[in-house]
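Those sequence lines, one after another, are chains U and E.
Counted the way this note's numbering counts, the first sequence spans residues 1 to 293.
Counted the way this note's numbering counts, the second sequence spans residues 1 to 157.
Hints in this document: simulated from the structure, not taken from any laboratory.
Mixed in with the good hints there might be a few duds.
As the list claims (entries may be wrong) - Label pairs and their calculated CB-CB ranges:
no.	chain 1	residue 1	chain 2	residue 2	range
1	U	Arg164	E	Leu14	49 to 57 Å
2	U	Ser235	E	Val18	37 to 45 Å
3	E	Val90	U	Ser289	53 to 61 Å
4	U	Gly162	E	Arg47	22 to 30 Å
Claimed, not checked - Among the chain E residues that face chain U by a calculated CB cut under 7 Å, a handful are:
no.	residue
5	Leu31
6	Ala35
7	Gly36
8	Ala38
9	Thr116
Ideal Cβ positions, reconstructed from N, Cα and C, are used throughout, including at glycine.
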Amino acid sequence: MGDYSIWVLEHAAVEKFPLSVMLYGPQYQGIRKLPYAYALLKGKGHTILIDTGYDHVNYGKALAELYGVTNFHGPAQVLSECGVAPADVTAVFITHAHFDHMGAIDHFPNATFYIQQREIEKWVWALTLGPEYRFLVGAADPADIVKAVELTRHGRMIAINGDREDVLPGIDVHLAADTHTYGSMYVTVRNDGARNSQDTWIFAGDLLYTYDNLTGLDKDNPQFVPIGLAVGSQSNLIFATADMLEAVGGEHRRVIPIHEERLKDMFPSRLTSAGLQVVEITLGADETSKISG
Amino acid sequence: MVCEEIGPVDDPTLHYIVCGKPLLTRLQQILTQTAGFALLVMTRGGRLPMLDVPLALATQELASTSEELHALPVPAAVRHHFYHTTQAVVSIGQAIDLLAVCMRCARDDPARAALTRRLRVATEHLRAASRLPGFGMVDLQQACCACHVETPPTLNP
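One chain only, chain U, in its complex shape:
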């Protein structure tokens, strides 16, 4: 058994999302469900989230009506499926600064947040370029940035420069510069605590949307296919994908694309009464399953 128990928790979804955004290239080849989710880790005295989801109070109506984002549930309800309350969360890794990944940062009053310094600096730079460059900024809510300012002032938001090992015990972060965003990072969990871990899980943020980014759609002739949305380059996305896969010894299922609907089929899972998937990636010592019983 590993040091951390890990779950992926759905909190909303786009039921009809174009495959061509999840996977660069296949135009007019259909749609998939795009779950919105975050990861919960428990172990070593920590309760950790990887991303927070968005703030429904401010965006929910628009997202639901205009973009088909449905079935939103807040962190209190979603985390309760694993016996956790928002106040229990001690650390949050922000993989990138899009509103749907960090919009709920003020829901975790006892957490310390980790983000890449480059994500902040390059984003601020992009803001200075003018409105015609707004693609580079993404959907930014000033309220999220103000929340981040407040957290930083209180020493609760830590900006990390590049790769860092053992940010928390057995948990490393890696900068994937100029990919989906300027300072996206992925999170590695060495679940046996060993430097050369044989039990590694990687949380890819939006560097991957689906396992098909690791293989392409032709399983007989696999290739890395980047996601269809980057402010950096497709090359950088591909090399980040290769790095992640190498770190888990080529075992695809250990690189977790948080938006992948098929996680529920690859790992033990259950549908909650609210219609949200709880996916159990692995159970640590002294932890009971949140899927069965």
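Chain E: place on chain U using the hints.
Then chain E, alone, in the frame of chain U:
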């Protein structure tokens, strides 16, 4: 403060909405920039020469936006909106002034708390102002989840 959405719009109100929307969008952009600068100052600390020009431009942009805003005829139905918008201008201006102070001050200086407060007040005023039909707080058209929408709709979250 409770902000209610206005009812059916007459011509002067419509004129205010059409002319005021781009101004509110500009204010949101200036606030986002200012908050971003503040985040940079808080995470890095110390003097940041790279912000000199962007801060000067933000100040200039705020002044011209404020001037255009105050030149608008303000019908009774949107006075409340105008109030929030002008208060946002004031708060953003104060935040920009405080940024200059924070680049020279210690991490525990009260100016940092004051800066944060001004940013939050400006955010609250802009969020209240975004309740008017046709206005929105966030350009969700740039969001990942918006990629599948063929015609960008008008947003009013």
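Which numbered hints fail = none
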